[in-house]
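S.K.: Each chain, written out:
2 protein chains.
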Amino acid sequence: MRDKTVLKLPALDPRGVTPATGTNYPDAFKPRVAGRAKRKLGDALGLKNFGVNLTTIKPGGASALRHWHLKQDEFVYILEGELVLVTDVGEQLLEAGMAAGFPAGKPDGHCLINRSDHDAVYLEVGDRGPGDAGNYPDDDLEARSVNGGWTFTHKNGTPY
Amino acid sequence: MRDKTVLKLPALDPRGVTPATGTNYPDAFKPRVAGRAKRKLGDALGLKNFGVNLTTIKPGGASALRHWHLKQDEFVYILEGELVLVTDVGEQLLEAGMAAGFPAGKPDGHCLINRSDHDAVYLEVGDRGPGDAGNYPDDDLEARSVNGGWTFTHKNGTPY
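Protein sequences, first through last, are from chains P and C.
Per the numbering used here, the first sequence starts with residue 1, numbered consecutively.
Per the numbering used here, the second sequence starts with residue 1, numbered consecutively.
Be aware that one or more of the hints could be misleading.
One copy or two, it doesn't matter: identical chains are merged, so the pair holds either way.
Unchecked claim - Straight-line distance between alpha carbons at most 27 Å, and here's what the computed DSS-like set of lysine-lysine pairs gives:
id, residue 1, residue 2
1, K40, K155
2, K71, K48
3, K58, K40
4, K8, K106
5, K106, K48
6, K40, K71
7, K58, K155
8, K155, K8
9, K58, K8
10, K106, K40
11, K8, K30
12, K58, K71
No wet-lab data here; the hints were simulated from the structure.
Between the sequences and the hints, there should be enough to build the whole structure, so can you do that?
M.R.: Here it is, written out as structure tokens:
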């Protein structure tokens, strides 16, 4: 294994990027993504037009609440382990080397759940187009993109 | 190995996507990328805001002529084999699991060259922001994004 300090920008060894485990979800939803850790590679590389995360999901964890985006596309590619993709066509098992994509504005909520007994690792990409919103078909939650962050409310618009 | 017909959109088995081996480069430059084959996963998934290719480079081949983009970000993640990343900081060997990113407007040309004796496979992501141009520091070539395609000229503006 090479030393992780060897590469210089614009190259990057992801092992040198500290994983982020937090979430901006309201407290009631935080346990659902407790097993999630994101290495924000795009940010580390200075990219602005889209984000790229190298994300690990522990057994029992999930990528997100099931959701779809109004304006932003999303893409995932499984690198290690296996994840169950939940969408309107049903549950599908994605193994390493499989991909999925979620076009902006398509009202089909998605999330990835790790039902295995070992960690799963995947790459996720999402653009940063303006005016985005997140729709959560299974939960009393709505999200609005505000100044690059997310504001969450109940579906009737009241705050958490 | 699972049957590649099992997955349904929005999931995708990349093995079912036909690789594209063409290039829009002027004829003089085509041999430089002859060993390149791109599976256009983002297009197959209906994504519009960015492209994602699963690209194979044969021994002796290259990802592109060395270039940088005026408006669009680029990201690469190595999946199999090894590729030499060429930029202003010098040549760096990227093995599976390593990444690189090229922020829009940063005048540091990049390309990936396969100097090994086996195929290399990587994911590449680029957004589709308008008004892009490609700058080629090592070649008499300039590119302008026109209606989603590329128009190539000599550096003095004359056509090929």
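S.K.: Could you run down the list of hints and mark each one as holding or not?
M.R.: To see whether the hints hold, each was checked on the structure:
no.: 1; hint: K40 x K155; verdict: neither (29 Å within a copy, 37 Å between copies)
no.: 2; hint: K71 x K48; verdict: both (16 Å within a copy, 10 Å between copies)
no.: 3; hint: K58 x K40; verdict: within (17 Å within a copy, 30 Å between copies)
no.: 4; hint: K8 x K106; verdict: between (39 Å within a copy, 15 Å between copies)
no.: 5; hint: K106 x K48; verdict: both (24 Å within a copy, 12 Å between copies)
no.: 6; hint: K40 x K71; verdict: both (21 Å within a copy, 21 Å between copies)
no.: 7; hint: K58 x K155; verdict: neither (29 Å within a copy, 52 Å between copies)
no.: 8; hint: K155 x K8; verdict: neither (46 Å within a copy, 30 Å between copies)
no.: 9; hint: K58 x K8; verdict: between (30 Å within a copy, 25 Å between copies)
no.: 10; hint: K106 x K40; verdict: both (25 Å within a copy, 20 Å between copies)
no.: 11; hint: K8 x K30; verdict: neither (35 Å within a copy, 30 Å between copies)
no.: 12; hint: K58 x K71; verdict: neither (29 Å within a copy, 37 Å between copies)
In terms of the numbered hints stated before, the structure departs from hints 1, 7, 8, 11, 12, listed from lowest to highest.
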